[in-house]
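Working from the sequences, and respecting the hints, build out all of it.
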Amino acid sequence: MKKLSLFLLIAFAAVSLLAGCAGQPKTDTVSYALEAEPASLDPGMTTSLAEANVQAELFEGLTRLDQHNQPQPALAESWDISPDGKVYTFHLRPHLTWSDGTPLTAQDFEYSWKRVVDPEVASQNAYMLFPIEGAEAYNQKKATADTVGVKALDDQTLQVRLKDPTVYFLTLTALHCYYPVPRWLVEAKPDTWASDAAGLVGCGPFVITKWVHSSEINVKRNPNYWDQAHVRSERLEFPISESQATRLRLVESGQANLMVEPPPADQDRLEALGLYRVAPYLGTYYYVFNVQKKPFDDVRIRRAFALTMERQGLVEHIVRARKEAAYAWVPPGITDTATGKDFRAEGGPLQHEDAAKARQLLQEAGYTPETLPEVTILFNTNEMHKAVAEAVQAMWQKNLGVHAGLTNQESKVYLASRMEGNFQVARASWVADYADPMTFLDVFADADNDAKYHNEDYNRLIRQAKETSDQAVRMQYMHEAEKILFDDCVIIPIYYTTQPYVAQPYVKGYHWSPLGLIDLKEAYIDKKGDTK
Amino acid sequence: MFLYLIKRIAGVVVVLWAVITITFLLMHAIPGGPFTAEKKLPPAVLANVEERYHLNDPLLTQYGDYLEHAAVLDLGPSFKYPGQTVNDIIAESMPVSAQLGLISFCLALSVGVTAGVLAAWRKNSCLDYSLMLVATLGVSVPSFIIAAILIQLFAFTWPVLPAAMWKGPAYAVLPALALAAHPTAFIMRLTRSSILDTLSQDYIKTARSRGVSTRSLLCHHALRNALLPVVSYLGPLAASLLTGSFIVESIFAIPGLGQHFVTSIYNRDYTVILGITIFYSFLIIFLNLLIDLIYPLLDPRISLKTERKG
Chain H
1 MKKLSLFLLI AFAAVSLLAG CAGQPKTDTV SYALEAEPAS LDPGMTTSLA EANVQAELFE
61 GLTRLDQHNQ PQPALAESWD ISPDGKVYTF HLRPHLTWSD GTPLTAQDFE YSWKRVVDPE
121 VASQNAYMLF PIEGAEAYNQ KKATADTVGV KALDDQTLQV RLKDPTVYFL TLTALHCYYP
181 VPRWLVEAKP DTWASDAAGL VGCGPFVITK WVHSSEINVK RNPNYWDQAH VRSERLEFPI
241 SESQATRLRL VESGQANLMV EPPPADQDRL EALGLYRVAP YLGTYYYVFN VQKKPFDDVR
301 IRRAFALTME RQGLVEHIVR ARKEAAYAWV PPGITDTATG KDFRAEGGPL QHEDAAKARQ
361 LLQEAGYTPE TLPEVTILFN TNEMHKAVAE AVQAMWQKNL GVHAGLTNQE SKVYLASRME
421 GNFQVARASW VADYADPMTF LDVFADADND AKYHNEDYNR LIRQAKETSD QAVRMQYMHE
481 AEKILFDDCV IIPIYYTTQP YVAQPYVKGY HWSPLGLIDL KEAYIDKKGD TK
Chain L
1 MFLYLIKRIA GVVVVLWAVI TITFLLMHAI PGGPFTAEKK LPPAVLANVE ERYHLNDPLL
61 TQYGDYLEHA AVLDLGPSFK YPGQTVNDII AESMPVSAQL GLISFCLALS VGVTAGVLAA
121 WRKNSCLDYS LMLVATLGVS VPSFIIAAIL IQLFAFTWPV LPAAMWKGPA YAVLPALALA
181 AHPTAFIMRL TRSSILDTLS QDYIKTARSR GVSTRSLLCH HALRNALLPV VSYLGPLAAS
241 LLTGSFIVES IFAIPGLGQH FVTSIYNRDY TVILGITIFY SFLIIFLNLL IDLIYPLLDP
301 RISLKTERKG
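Going down the list, the sequences are from chains H and L. When we follow the UniProt record's numbering, the leftmost residue of the first sequence carries the number 1, and every step to the right adds one. When we follow the UniProt record's numbering, the leftmost residue of the second sequence carries the number 1, and every step to the right adds one.
Hint data in this document are derived by calculation from the structure and do not stem from the laboratory. Any given hint could turn out to be false.
Said to hold, decoys possible - Partner residues aside, some chain L positions facing chain H, computed with beta carbon under 8 Å:
1) Thr36
2) Val45
3) Ser93
4) Met165
5) Arg210
6) Ser250
7) Ile251
8) Pro255
9) Gln259
10) Asp292
To be verified - Straight-line Cα separation of at most 30 Å, DSS-like style, residue types lysine-lysine; simulated pairs:
11) L:Lys205 / H:Lys452
12) L:Lys39 / H:Lys142
13) H:Lys114 / L:Lys40
14) L:Lys39 / H:Lys483
15) H:Lys86 / L:Lys39
16) H:Lys483 / L:Lys205
17) H:Lys210 / H:Lys142
18) H:Lys294 / L:Lys39
19) H:Lys341 / H:Lys466
20) H:Lys293 / L:Lys39
Glycine included, C-beta positions come from ideal geometry on N, C-alpha and C.
Shown next as structure tokens:
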């Protein structure tokens, strides 16, 4: 028995020592707790933020977004835009190379972009390149690759022809699906070239050194990167965990410096510690009506339900995370390219709260709370969505006298119900693909949208906005379209989203894009600063 | 013995086929597919993706294709992780779960049996009561609470061990304890009650009347018989510990197989769901067979041939 306890004591001491060594904070390494195992690191194929966060350090596009979300020259040194806004000519930096030293040319871009829209490759990102002339037709197998409007004029010049004058095209070229990929690797191992650290070649500020699936990714500085001067960290580490609580523990125990989406229950404690931060994130959380299902096929009923919302209380007490009550569809934070002002500030609120008017509308539509068909809210199983649905249920009960039922379904079951129109009113959220109002307004111009909403006037305005090269007119069309959406009361916006995250105070130099991405290119640990 | 083995192995094939079929039908019956997402893909893009993965083939064709490949142990590519096959995923994550599981298994078995014997030996003593109190807690407190308490104590209050990740021996301590708590407690109780049961049997009473000491009675006469129920519990326990626990792996960010059981269903990653189900079924069947072969060694009254007589 004595021997055993002695053995245990020694074992424990050894383990403690080991752990002590492992826990030393590194001053040349920034560590970001990644929210999911990347499906792959192939920038043309993957769709979620976790992958894009890592890809942004391993690859780079023609442009890169700065901390004000403006596209800056990256692999392209400069560009010319034709007067009609439809032809972009990019001039690549001289002597660009891949991380293994192979020259990187305009032909690499042509190959990579055509690959994303190749129907055989079947990338889920294909639609992100549809602004390019001929890309959609090629993806739908109606045309060949030669008709796609991207062409390398020489090693350093890339010409892109667009379908419509897409004013935000330079922000698109900063997205992962527009990154170049190493052709020789992709052709040798089309499915697996970006599924392991071994042999993975990129063109970004860092190169991958280690990838233990579902556990960690490590990268180190890329000596062949063109912009060495701005890379301040020798290494980046991405410990991986899907659990919010685990990621938070990694940061609090010093194993990581940054994490996104801390558990809501920890908000107060983290705020008191000064670790809780919130970055802007272009997204809207809303309830969508199925405009073809009774009783919501009547716009007066839809409006009555929308008017009874009480967003302030909901946002302050239930949703929290410094979200902002939403009274329109396009969130604040998107610049009107004609005036330089905020699109939302110019458009103003488009939905109001007025319980008396709501009851009156219900009456006008010929209903009393008793005669109204049964109403059910659909949402996916999740604590937060449930809390919001219960609050909405209570508001409708109080302000309208209507009792709504609640149905929660497992995430993909719910998505299937929503897409098939098997609901009356459902929770939904939309985050921007790019920083322009169109990424939001386009949703309800889709013939197959969740609301089953079709309005020719709306669709015409969206089409015209896409076709015009006059920015003032384009913005005007989009404001008008958004107004129609609320005249028809297709949705109840609830809040504009934010990106809550936790950061140790000694990490500096990173910035968040309002598209939900973190850029760690210039991140570093400030040794002189606060170390605890 | 040989005939018995042949019979059992034939049974395995039938059971695995049934498992594949039922799982295949069930997973395709749930709405939503691998490419259903909050951002709906344009129909043409989705069609390309489904074509690439043969998801637009008739279900029967998909089923036939799957069986054909599964027969030669090719479990197909993952839909969620396009560069990895299900074989890769199992080969990479299984050893991690197995390492952790093996530590927990040894811990549970050694501590559980020792404490159970001690409790039975000092029946109704202070030691017995305190051990049983610990056992009751171990059985009833869920592993995520035990994990949270361990992390709070050893990673924050007294920061000697890492709170998560899987990078070396120190990283295995807390998850192994969290994982072992329940089976340890269960084996402790099982051993104690089984020994007490055996001690009340006639042959023990006879031995006792001949003046055999309690200690010798326990170690030489009672323990071997008393361990049979524990041994039957070890088969399923080994299978579940070796393949990992979703909860413990998720809390400690361990890249094991356990997480794939759950996430593959959320992701509708059909091939991973099927592959892991087959693998787990096989492991359970194999371990149960192993336990059945061990029984006669422990208790000569059990014979593999008995079923032929009946």
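Status of the hints after comparison with the structure:
| no. | hint | result |
| --- | --- | --- |
| 1 | Thr36 | holds (5 Å) |
| 2 | Val45 | holds (5 Å) |
| 3 | Ser93 | holds (7 Å) |
| 4 | Met165 | holds (6 Å) |
| 5 | Arg210 | violated (30 Å) |
| 6 | Ser250 | holds (5 Å) |
| 7 | Ile251 | holds (6 Å) |
| 8 | Pro255 | holds (4 Å) |
| 9 | Gln259 | holds (7 Å) |
| 10 | Asp292 | violated (34 Å) |
| 11 | L:Lys205 / H:Lys452 | violated (81 Å) |
| 12 | L:Lys39 / H:Lys142 | holds (24 Å) |
| 13 | H:Lys114 / L:Lys40 | holds (22 Å) |
| 14 | L:Lys39 / H:Lys483 | holds (23 Å) |
| 15 | H:Lys86 / L:Lys39 | holds (27 Å) |
| 16 | H:Lys483 / L:Lys205 | violated (91 Å) |
| 17 | H:Lys210 / H:Lys142 | violated (42 Å) |
| 18 | H:Lys294 / L:Lys39 | holds (26 Å) |
| 19 | H:Lys341 / H:Lys466 | holds (20 Å) |
| 20 | H:Lys293 / L:Lys39 | holds (22 Å) |
Violated hints, in rising order: 5, 10, 11, 16 and 17; the structure is consistent with all others.
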